[in-house]
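J.: Sequence:
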Amino acid sequence: MRASQIPRRRQLNKAQLIEQVAARAELSQAMAQKAVDAFIDGVKASLSTHTPVTLVGFGKFETVRRSARVGRDPRSGKPLNIPAAMTVKFRAGKDLKDAVRFRGGSEAKTKPRK
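Counting along the sequence shown from 1, when you hit position 75 you're at 75 in UniProt numbering, and nothing is skipped either side.
The reader is advised that the hints may include incorrect statements.
In the DSSO-like style, the derived pairs of lysine-lysine whose C-alpha atoms are separated by at most 30 angstroms in a straight line are [said to hold, decoys possible]:
hint: 1; residue 1: LYS44; residue 2: LYS89
hint: 2; residue 1: LYS89; residue 2: LYS34
hint: 3; residue 1: LYS78; residue 2: LYS34
Keep in mind the hints are simulated off the structure, nothing from the lab.
Whenever a hint applies, use it, and build me the whole structure from the sequences.
T.: Spelled out as structure tokens, the structure:
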């Protein structure tokens with residue numbers, strides 16, 4: 001299968017994720033929602049104190065400082081100062097990368113088209 005032939009998937013929203021968690025963990029929808037909400041709250045709480053969250057095999061969430069820089073106003077083309085900011089970075093782990101990596105002949109290096 002060519003990279004361009006990989007079917008596009010719809011985006012998974014929070015409600016659908018909760019349904020999947022409920023089904024796979026044999027939980028009620030309410031318990032699955034509590035579990036997903038607790039996970040999200042835990043990640044937020046850790047990152048708000050600049051504590052990285054590492055899930056071995058899945059990936060690592062961490063905060064990084066983005067330096068101040070000069071950008072351009074897209075309408076006028078004039079330079080504008082963009083202040084330094086903290087942002088979140090996610091680095092995928094090996095198991096996650098292996099799960100989504102396209103495998104196939106010489107086309108394995110091409111990215112699927114959006």
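J.: If a hint holds in the structure, say so; if it doesn't, say that too.
T.: How the hints compare with the structure:
1. LYS44 x LYS89: It holds: about 13 angstroms lies between the C-alpha atoms, which stays within 30 angstroms.
2. LYS89 x LYS34: Status holds; Cα separation ~25 angstroms.
3. LYS78 x LYS34: Judged against 30 angstroms, a Cα distance of about 48 angstroms means the pair is violated.
Violated hint for the displayed structure: number 3, the only one.
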